Structure formats: C-alpha cells, structure tokens
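*Asks:* Take a look at the letters that make up each chain.
Protein chains: 4
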Amino acid sequence: MIVVMAPAADAPAIEHVIARLTERGFDVHRSTGAERTVLGVVGPTQELDTAELELLPGVEEVVRVSTPYKLVSRAFHPDDTLVRVGHPGNNEVTFGGEEVVVAAGPCSVENEEQIRRSAAAVRAAGARLLRGGAFKPRSSPYSFQGLGEQGLELLRMAADAEGLALVTEVMDPSQIGLVAGYADMLQVGARNMQNYVLLRELGRCGKPVLLKRGLAATIEEWLLAAEHVAAAGNRDVVLCERGIRTFETATRNTMDISAIPVIEKRSHLPVIADPSHGIGIRDKVAAMARAAVAAGADGLLVEVHHDPDKALSDGAQSLFPEQFQALMDQLRIIVPALGRSI
Amino acid sequence: MIVVMAPAADAPAIEHVIARLTERGFDVHRSTGAERTVLGVVGPTQELDTAELELLPGVEEVVRVSTPYKLVSRAFHPDDTLVRVGHPGNNEVTFGGEEVVVAAGPCSVENEEQIRRSAAAVRAAGARLLRGGAFKPRSSPYSFQGLGEQGLELLRMAADAEGLALVTEVMDPSQIGLVAGYADMLQVGARNMQNYVLLRELGRCGKPVLLKRGLAATIEEWLLAAEHVAAAGNRDVVLCERGIRTFETATRNTMDISAIPVIEKRSHLPVIADPSHGIGIRDKVAAMARAAVAAGADGLLVEVHHDPDKALSDGAQSLFPEQFQALMDQLRIIVPALGRSI
Amino acid sequence: MIVVMAPAADAPAIEHVIARLTERGFDVHRSTGAERTVLGVVGPTQELDTAELELLPGVEEVVRVSTPYKLVSRAFHPDDTLVRVGHPGNNEVTFGGEEVVVAAGPCSVENEEQIRRSAAAVRAAGARLLRGGAFKPRSSPYSFQGLGEQGLELLRMAADAEGLALVTEVMDPSQIGLVAGYADMLQVGARNMQNYVLLRELGRCGKPVLLKRGLAATIEEWLLAAEHVAAAGNRDVVLCERGIRTFETATRNTMDISAIPVIEKRSHLPVIADPSHGIGIRDKVAAMARAAVAAGADGLLVEVHHDPDKALSDGAQSLFPEQFQALMDQLRIIVPALGRSI
Amino acid sequence: MIVVMAPAADAPAIEHVIARLTERGFDVHRSTGAERTVLGVVGPTQELDTAELELLPGVEEVVRVSTPYKLVSRAFHPDDTLVRVGHPGNNEVTFGGEEVVVAAGPCSVENEEQIRRSAAAVRAAGARLLRGGAFKPRSSPYSFQGLGEQGLELLRMAADAEGLALVTEVMDPSQIGLVAGYADMLQVGARNMQNYVLLRELGRCGKPVLLKRGLAATIEEWLLAAEHVAAAGNRDVVLCERGIRTFETATRNTMDISAIPVIEKRSHLPVIADPSHGIGIRDKVAAMARAAVAAGADGLLVEVHHDPDKALSDGAQSLFPEQFQALMDQLRIIVPALGRSI
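Residue numbers (the working numbering), protein chains in the order written: chain E, 1 to 342; chain U, 1001 to 1342; chain F, 2001 to 2342; chain L, 3001 to 3342.
In short, the hints are calculated from the structure, not lab data. What you are looking at is a predicted structure, and each value in this text was computed from that prediction instead of being measured. It is possible that some hints are incorrect.
Claimed, not checked - Which stretches of chain E does chain F cover? Using the computed rule of at least three CB atoms under 8 Å from a CB of chain F, they are:
1. 216 to 229
2. 250 to 261
3. 283 to 297
Claimed, not checked - Looking from chain U toward chain F, a few residues come up when the C-beta cut is under 10 Å (computed):
4. ALA1006
5. ARG1074
6. PHE1076
7. ALA1124
8. THR1218
For every residue, glycine included, the Cβ atom is placed at its ideal position computed from N, Cα and C.
With the rest of the complex left out, here is chain E (with noise of 0.2 Å):
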C-alpha cells in the first residue's frame, strides 16, 4: 500500500502517520521528493480500509498495489488451471485446455420430453455439458420457479442418455448437498456473485464451480469471490462474463467482451462467456458467441431449446436448434484462428 503525503504536509504530520502504521505492525519505506512524500507500507495490508488512512491530516491519497487475491492471480500461478468436469472416460470434459468447451441446454428443465429432445439436440451439434436449471431465481413471484429436485433427475437422466456432463444452478447453501448429488459442476448465478456464505460451502463440496461475474461487479470484485471459493479448498473454479449493467438501454445488459483477455491475463483459471444472457435476445446470440470465442474464451453457455417460443422461461434469449447448430458449424470455422478445437 502507498500513502501519498500531500505537498504541504509537514514533518510531524508524516511522523504520526508512520507512527499510526507501526503501531498496527505494519513496515513503512519513506521516500522524500522534491514535491511530496510518499509511504510505502509492508504487510497484510488487505486488512487496512484505505479510507482510514485518508482522514489522517496531511494523507493526500492512498493507493492498494498488491492485487487483494493470490490463489486464483496469475501472477503467484503463472499456469493454467485446467478443470475437469464430469467423469474420466466417460463423459469428462477440461475447461481452459485446447478445446473450447460449450455447455448448452434450455434455462429451465420442464419436462422429460423438453430435456430429453434439448438435450440430443445439443449434443448432435457438438455440445460437451447439458445445461438447465432446477431452482431458478424470478424476479416475479408469480412466474415458474423451477422443478427443484424431480428436475435434477430428468436433467441427470437426459445427460446420462446423451454422454454429457451436467452443470446446473444452486441458489442456497442448503440446496449443495442435493445438487452435487445430480450435477458434475455447480454454477453461480450472478445474483449469488457476493454471497459469501454460499461460496465458502462450494469451497467444500467437492465439485467443479461455474461462478458468473455479477452485474455491477469489477473484475476486481469477480476474482475476490473466486477467492472465496479457493480460499475455502476448492480450486477447480471457471469464470463466466454474462453482461453488465451500463446506461446503454439497447441491450438488456452490455456483455464485457474486454473482459476475457482481461482475466486471461490477470488469473490462471478458465473464463467462458454466456451471450444469451449478455445480449437476452436470440437473433443477437450468435453474433455475441462468435465474438467471445474470438477473443479468446474458453467455452460458451449457451441457452437452447428444443421450442423457444414453447418455454416457460427466457425463450426470448433461448436458440433454435438449428440455430444452435449454425452458430457451432460457424465457430469450427472461427477456432483454428486461435489454435483450438471445438
């Protein structure tokens, strides 16, 4: 952490500053220019609110320099973490590796039927995991919540048939132990993105974590509960980018495309993206897909369905399976620009 002494600090000023930081068991370097000080200070500084040390007189700005996370940073892991989901010689699929991974399937799982013809149409299109969700979050308490655990089974069951690893949304830390039953991964919603009580317990369940960026979070922010979830023991973690909130209203969200050179960069953990949320209209997937693989993402979810406009949930966003098998035909095209398979 850097203290900045404003230009008019005096000595006394900069000496109860140190003394403060000290006291706390902090080391401080201080370094005299011609205009101003500046502190450099050693130790668990993730503890100190910057805030606090701004209100000390004469204390012009205080600047974090080590990243709050270390065990997802690339920079303590120079290699990439490779995930493995689903079961070795079976179904098992790696995230972050060569291939691009697509996990797709409807949003919510509503019958046997819907999974069942979702889900060999994913599959014959080149999909690696079946997505759908038994617990969903509505923003209306009128609108259809999901199956709960009877659709867990048709999802297991409509994967099994199909050779696909599974991953699905768990909402509560209560829900862990039932999901993680069914699913080969467990996904984050991006409401869930700061809920810390649940992340911690993912860090225990022994299951890969699918954690979605949240729709006001920083990069900063998304990483952090990474952390958690690493923090807690478990490693096996992969980003998903799927929009954020700006002022531009022409888009449900505005999806962060930047994001995934950025994380690629900045952490050794996979990042895939999900264009049907990131844009939440159909005829615009495809375009938001081919661009995320473009730039570098690991895989894609993507919603599909076997009868959008049929759905009881987000069919707006959700593609037909022809589309879906353009979009695929389309990305084999795309994938050899960077080195990959599909």
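Given the coordinates of chain E, assemble chains U, F and L onto it according to the supplied hints.
*Replies:* Structure of chains U, F and L alone, referenced to chain E:
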C-alpha cells in the same frame, strides 16, 4: 403493454401478432396511423416477456406501460404510508410522518461498553433508533464477521437502556426468527435486495422492514423488491437509498439523492438515506446527510461510533459523537424549510 | 407517442391532456382499459418534450414509440448502404459490402519516414486505407498537438505511394475545406459526436464521413448524430464503435461489441470498430479486433506504428507491424464463417 | 508515479524498467519488499502514459500519485478562490464567499417581454445574476437555435434594468469576442467541457468562466478542464455540477451531489449546481436545489420562466416565478445551518 409495428409491417404480420396475443388471453386494441400501426395489449402483461414479442416479424418495439408493482405504487394508494416501529408509549417512532427519524449507531456491535456508550451518545443528540450489526457480510473471509446472537443481546440491552427502538440486519432466512426476537425493525442489505427467498420470508415476519437499494438496482427494481415483501403480507417497508455504482471513482458510490423525490412521487412508502455508506468517508457524511434531508428524506441511517479510530469495521465512515451532535444541530435548522421536525 | 394516464385520472384530466395536444395540431387516439386510459399521439412528436406532458395532472408516463431518426433507419430503408471511399480504378474501397475493410496506421503522423514505413507495413498486411492524425485533441496542453497541414501532405503522399485511401480526423468546421482537399474520408472523433455545427458542415463536404461513438452516447444518440449528417445532404456515413464509459476500471473503456449487431438491425449504414481505443493497451487489441469482426463488423480501424515505443502519442495501444500482420492472418481464417472476405 | 513489479519479476526486468525511466530523465526510487519491488518515479510524469509502462516485462501495475492538475488544486493553493463577477458598486457579486449566489432565468431568451418579466421575477425573489441562452446547442436541427446577437442585447438590457450580472453560454471560439462584449460571465456547456480550443481561448478572454461538468466526466477530468482555462491565464473559474449519466432511467441524469464536498476538498475554486438540468423535470427541481445548497454548494443556476408552458425550450424543467420564490424562501431557512447567507 404497447406493441409498435414497423412501418414496413404488412397486414399478415400484424394479424399474426394479434393472433399470438389473443391466443394467450390478452385483449388487443389496434390503432392505425399514417406511418405505422400500434397495438395496445390489455391483461396480465407482467407475465409477457417483451423480448419474445420483439422477435415476431414486423415488430419494431415493445413498451411496458403499467408499472410492474402495484401494492407499493402511489398510483394505487395515493396516501403516504406511516410505518410504526417499536412499542407505543415506550420507544415507538413513526417513519413517513412529520418527523424526520434518525437511526444511528456503530457499524457492528463489538462489546458492551462500545454499544452502551454509542447508544447514549446518539440518543443524547436526538436519534430515535439504535442501529448496529450482529451479522456482517464482509468481502474478505479474514475480516470480523459480527458477534451473532450475543451481539443481538447487547444491542437490545443498549437500546432499552436509552429508550431507543432497534434496527439490525438479517442476512439469511434462517436468521429471521432469531433477529426478530430482539429487533424492532429488520434491515435487508444492498447485496440482498434481490434475495427473493429472504424477501418472501420477511413478508411473514410481523416486523417492519428496512430495505436498502442494491448497488446496481434501478428505482423500479427496488420498488419491485419492496413489492415482494408486501405481496407476502407485510406492508411496513421503509426504503433506504445508499448509493449506486457509476463511472466516478472519487467516491465509493454515487449517492442518488434524486431517488428521494422520485420515490416520493411513485410510492407511498417512506424513504430514508444512509449517507455513511453512500459517500464512504467521514469528512463528507454530514454534507450528504444534510442534502438527503433537504431533498425530502423521511429519515437517516448514520454510522456513529464512540471511538471510530478503534472500530473493527467501517471506522473511516463513522462519525465521532460530537460530529453527529453538530450534524443534528444543523438538521434542526434545516427541517422547518420542509415543514418538518426532527 | 403514447401518453399513459394514471389509474386515478378522471375524465376532466384526460380531456385536458387531449385538448392540449389537439391545440398543438396532433391527432389523439384514445384507448380505455379496465385500469387506465392510454392516448396515442400522432404527428411530428419529435418536437414534443415528454417531460412537459408528464407534468400535466393525471399523466403517469409518456413513451416515445417512433425512432427520432429516419434517414439512417433500416425501418425506412431496408437495404444496406454501401459507402464508397477513394477513386474508382485506383484506391477505391467499399464499406458495407462483402469485404471487411481495414484502415490502419499510426495515431499521429510524425515525419516522412514514420508515415511511409507505417503505410508500407499496413498495406503489406492487407489494409485498404491509411489512418493517421494531423490534428489531435489532447487532454494536456503540453502534449504533441499534430503537424497540421504538413501532416496532411505527408499522409496523402504515403497513402498514394501505397495505393491506399486516406481517412483522417477533422476537429473543427474551419478545418473541413483543408482536410477534404487531402483525405478521402473525414473522421469525427468521439468528443465531437454531438458537435452539431461540425456535423452539419460535414453534411455538405462531398466526402464520406467516419463517425465515432461518443464515450457516453447511447446507440440512439449515435444514430441521431448520423442523422444530422444525412439531413444536411450526405448519406455516406460509416459508424465506428470505440468503447463506452462504465464502472469497470480494468480497461480504459468498455468496448460495446453488442452495438455491432444492434446497429446492423436498426440502421442500413455500415459499422466498423476501433479496438485500439476500445481497449487501450496493445496486448489486448488483437483479441478485441477478432471479436468485432466475428460479431459482424464491416471493418476495423487499427493503430499500427512501425516503432510504437518511439510514438509521440498512443504508443501503448499501437501494434507492431508483425502483430498487425498476425492479426490479419487470423482474420482471414475467421471471415469465411460470416461469408465474407478480407 | 508508482510502478509495481510483479512478484515473479527478476532483477534484469527491474533494471530494464529503471533504465527506461532514467533514460527519459526521471528519478527512480527503489523499494524492495518481501513479496515484490515497488519503484517510485519522480519528474514530469504527466507526460508518461501508464499503459506504456504496463507493457514492459515484469510490470504488474502503474499508479499515478500526483494529481495532473496544479493551478486549480487545493494542495498547492489552500485558500478558497473568490470569483468576482460584474461591476463593483453596481451589479457585482462574489462566488466562493459567505453568500450563496443564485443565477436564474429562462433557458433561452425569446423576446423582450419574456426576458424583462423573467428578469424582474428572479430579481424580486433574490437572484443576483440573470441567466439565459442566446446560442443554444440542440439535438434536433429543427429546434429553436437561439436569437444570437439580438438575444445578447435583450439579455444585457434586462439584466441592467434589474441591476443583475449576466451569465450566458458561448459555444465556439468564434463567439467569444461577441459574447464577452455583453455578458459578465461566460458559460461552457457540458458537451464542450473537453473542447480544448474553446477552453484555451476563454483563458484569454478577461471574463470569469462558468464551467459545467460533462455528462461522462470524472471529477478529475473536470478539474483538468478547469486547469486548461487557468493555464491559459484565467483563474476566475466557477465549476457547475449538472448531472452525470448512469444506468438509472427514472431521471434524465443522476445529479452527483457528492461532487460538491469532493470538489471543496480538492480544489480552491467555487462550485455551484444546476438542478434544472440535473433532474430535468420541474416538480423535482426544488428538492435538488435544496440538496445542493445543504451539501455546501456556493451557488445555483436555476431555470425560471415567467410562463414555462409557452417556453420555446426546456419548458418542462423551468420553474414558475412563484415556485422560484418559494424555493428561495426555503433556502433562506437552510443556509444559516452552513453559516452562510443568500
């Protein structure tokens, strides 16, 4: 809901949209202009996804016209709601009436001396409720997480000693019973504004609720969150503005003072402001507190600590007792301009 | 325009609104529902201020339904516009057709060797236009401000030597005549997107215009700026996405890739992307360039300098010639996925 | 400037960064911690691009520590600047002192009767300056563009008749001479905040400048714009907050009231607020005006029209004279809380 057809939309396209809507039980009013046709859709349109209609051929735009909230809307309930907190004849206080109600106290309860001295200080300056956290959401797993039930006991004791009502945060549905046993008003934090399970349970808890605005929540989403509590049976909701996330980095958040007159026009619920979290640094808290009250806020939530430099959390945004006293003195000068008391 | 009356609005309130509108020459269609009355307003409503109507008693909300732009709207002109730049049989290039058109070159022209070598490098890699600034808007008065007319001469000479068309920025109406004497296409920078005097004069300049999106401009405001140029007589406008301002601080701007498919749906004008300004740092430019093209951009504007470490401006976001060559090679793999060439 | 090296950066990488910086004439202080090395860079670092350094091998982050503005910074000039506008002994008024100074009047001057009656009304209520536009930036080419020089004559005449000072907008460097011939203070609109040619010329105009904040400008960029005026020779600059662009759509802009105490801490220049543009609708202007003054604003810029329903521009945000009178009466109650007069 209004469906605006494109200028080029022909009769079959228009008929198709009308058929789709009537099939689903809506009434459609057709209005044909020189340039385009506009369809008015009547029925429970909150269940319709605008994006879904926008995908139909010939549709240019779909606009919702009715607000998605009803119970909390001033359009359906023109008179101000008065929210009574505490016990009549003892520590009762009313939000939404002529009095500007101030809740104050430390970020977290830390020990008996701290909470007793803080409670005495805020009451001496004119606060009517004691605030303080026993359960704390923290971004770092290494930070102080709150005292839990022991904290609730200390808060209750300190509030009773001073004749103050008590407001404290509840983070999870499983804590509601416990917290409601001690507190007079239950607070929902910004990160939980869209935790629908929690909102629903608070709708059944029998105590008034203080609902903070989420960091990236629009005013409409905030009122919709209040609608969840009301729909579950509890209309005693007080809204609390505490800053939104914008591009500006000079302040922790951007406190949206304009939300105060906007809420006053759209909803009959009381609205208060939390300048401590809104601005995030002590030396500007009083300015933002005065601004909120001058804009018409029905109350304030202010962090005050008897010794902020020793606080275990948020010390930098906590006022010293004498600063709080000075603020209250300023507010006493200001409120007659709004025909109110404090 | 749609005027939504409040549920509580009585007949005199509704009649008053209708009277005010008909007085001003509008036609009003009244639609009465169970809960509220909705008025459809027909006529030149772009002159009406929605806020003005919202102040009338009984009015709940006013919604615009027709887009405020016409000439640049796809609703009124379904076919793609092709914008031809340069001289037929010589350096002509077409934006909006099958070819993905790349303009490349240094941020600023600095001297003859620099611009000649940069032009040769970008042409060798496949660029069709040379870009480079002779007049530069700089946030510091002490920074390099551009070479002015001498710079224009050098740019023209370098472009001609390589058979490239030339695009360069014009900052002020007084420079248009001069710049149009040298360049094939005139660029409007992001800070000038709402400089209406400049836009109007460019409507009369007889050369194609490259219109960058403002940092805080919605897509609608951007199209409205293009409408200003078109309304003044010039329909040869190419739009250029270059990043918007959001809460994220990890990148200079947030490049809004989703603007590309949105513009494609709303307007017949070509849209290109500037990944150099969009991301602001060299090591992520190629990722964003690939993303833009994969999303459907009609072209790119890329900063390339023959020796970026010595550049007088924006060196950190300029590609080395070999990086640009590698990017073009990647794009050649990608564009067949969109049925295009480069 | 601080250069933070990555934990993995080895000695040659660190030496390379130091060499690059000393080559360019900077002094470098090296500080080696347990985990990483931090370099302090001393010299005219405003010319250094942080992105450029971040590209060097082993560099993790580059942080500016000195503010890029000097002349307008409180760090270099602790005492408040008083900006005197108008003629001593006649219509002179001082911004930045004990008085809260109010400028009021119509958006545009339309005709003699309008401006005379508006001037009389605002003066009767206590305004000290007349505001009104003779040159207007409008988003539609079909809207009223202002009366030009004739408007300036009418404004001057109306101001003189009431003993008021006059502030009006200048849109282009070519208008400065003309406008300065009539007005006592020249206003720069939000869209021109980064029009550096205009700012530089205003630095030489000999009259005080009112500088509005741009819609997407950070406080730092705003102060940097003021630095341009000051660097060109004119230190009589008054800043004016008028709302920023955020995700919230319930209000035209989000008025950033917190900018007022932030500016007060960072700069010695006076800061006022424009609640009319900040909120955009008449019924909430008074609330925001009170908030700004309560937060410590040195003055207000308020739109008042003697008959807003007939205004040619911005009628919906203009106050009626009696509303303005009521607002001034409220402010007279409020300002003693800040030790000020009005």
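*Asks:* Let me make sure I understand: some of the numbered hints might not hold for this structure. Which ones are they, in numerical order?
*Replies:* Going through the list in order, the structure violates hints 7, 8 and respects the others.
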